[in-house]
Amino acid sequence: MKRSVTVVTGGSRGIGAATCLRLAADGHDVVVGYVRDAAAAEAVVDGVRAAGARGVAVRVDTAVEADVERLFESAERTLGPVTGLVNNAGVTGPLGRLADTDTADLRRVVDVNLLGTLLCSRRAAQLMASRDGGAIVNVSSAAATLGSPGEYVHYAAAKAAVDALTMGLAKELGPDGVRVNAVAPGIVDTEIHAAMGDPDRARRAAGAIPLRRPGQAEEIAAAIAWLMSPDASYTTGTVLRVSGGR
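Per my numbering, the sequence shown starts with residue 1, numbered consecutively.
To be clear, the hints were calculated from the coordinates, so they are not data collected in a lab.
A few of these clues could be false.
[Unchecked claim] Below, simulated SDA-like cross-link-like pairs (lysine to any residue); rule was C-alpha separation at most 25 Å, straight line: (1) 171 to 231; (2) 2 to 50; (3) 171 to 238; (4) 2 to 80; (5) 2 to 132; (6) 171 to 81; (7) 2 to 236; (8) 2 to 73; (9) 2 to 130; (10) 171 to 240; (11) 2 to 56; (12) 2 to 77; (13) 2 to 26; (14) 2 to 122; (15) 2 to 69; (16) 171 to 161; (17) 171 to 125; (18) 2 to 222; (19) 2 to 175; (20) 2 to 226; (21) 171 to 115; (22) 171 to 157; (23) 2 to 232; (24) 2 to 51; (25) 171 to 126.
[What the hints assert, rightly or not] Pairwise CB distance ranges, derived in the manner of DEER restraints: (26) 100 to 131: 43 to 49 Å; (27) 219 to 174: 26 to 32 Å; (28) 131 to 199: 41 to 47 Å; (29) 77 to 199: 36 to 42 Å.
Just so we're clear, the structure is a prediction, and the values are computed from it rather than from any experiment.
C-beta atoms are modelled at their ideal positions from N, C-alpha and C, and glycine is treated no differently.
Full structure from sequences and hints, please.
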């Protein structure tokens with residue numbers, strides 16, 4: 001039986017790491033894309049292998065076209081034809097009002113969250129459409145519809161564009177047997193909050209969430225894994241909100 005080979009960007013931590021481990025448990029061989037922490041990425045690869053799957057870590061800045069090309073080349077050379085992509089790599093930049101945000105931060109947020117997703121999706125489409133199909137899952141955000149005023153409206157705008165990409169690309173690739181969906185997490189308890197300068201943000205936000213708690217990375221990974229699975233074979237162009245009701 002042919003193995004699924006899935007590329008996960010931003011796979012060394014948080015939602016990405018949980019997704020790599022969940023997909024490995026579900027029978028996927030996994031390419032762990034990472035931008036900085038090689039040790040963390042290799043630890044995830046160890047977990048993938050412990051689950052009985054093959055894994056490899058590849059350093060990639062998804063906003064750089066040459067890096068994206070190398071990511072997919074490495075995946076196919078090491079594990080075989082790519083059948084899946086999870087566009088998880090993302091950055092928010094520091095929290096704050098748009099009026100106070102540096103242009104460099106604006107560019108980086110758009111480059112990683114939107115351009116990187118476009119570049120990876122384009123390469124995956126080129127490969128999958130010429131074969132027996134495949135599946136792409138984009139990691140969007142509930143911020144795309146909430147707007148996130150006073151925090152990161154630029155990030156919210158980029159994620160709203162990812163939602164539009166999901167719908168449009170699903171229609172474009174449907175005839176080729178390639179499904180394209182997205183998961184839109186709400187506030188999830190990962191280290192991303194510390195990276196944006198507010199490590200206690202997830203805990204403080206719990207009162208505004210109907211389920212009264214932040215999500216866990218494994219809960220988002222479960223939604224991604226379902227969208228990647230044969231159980232979602234008639235699901236495409238969907239943005240699945242996993243946000244505790246927010």
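Consistency of the hints with the structure:
no.	hint	result
1	171 to 231	holds (20 Å)
2	2 to 50	holds (20 Å)
3	171 to 238	holds (11 Å)
4	2 to 80	holds (10 Å)
5	2 to 132	holds (11 Å)
6	171 to 81	holds (23 Å)
7	2 to 236	holds (22 Å)
8	2 to 73	holds (19 Å)
9	2 to 130	holds (17 Å)
10	171 to 240	holds (17 Å)
11	2 to 56	holds (18 Å)
12	2 to 77	holds (16 Å)
13	2 to 26	holds (14 Å)
14	2 to 122	holds (23 Å)
15	2 to 69	holds (24 Å)
16	171 to 161	holds (16 Å)
17	171 to 125	holds (12 Å)
18	2 to 222	holds (22 Å)
19	2 to 175	holds (22 Å)
20	2 to 226	holds (19 Å)
21	171 to 115	holds (20 Å)
22	171 to 157	holds (22 Å)
23	2 to 232	holds (19 Å)
24	2 to 51	holds (17 Å)
25	171 to 126	holds (15 Å)
26	100 to 131: 43 to 49 Å	holds (47 Å)
27	219 to 174: 26 to 32 Å	holds (28 Å)
28	131 to 199: 41 to 47 Å	holds (43 Å)
29	77 to 199: 36 to 42 Å	holds (39 Å)
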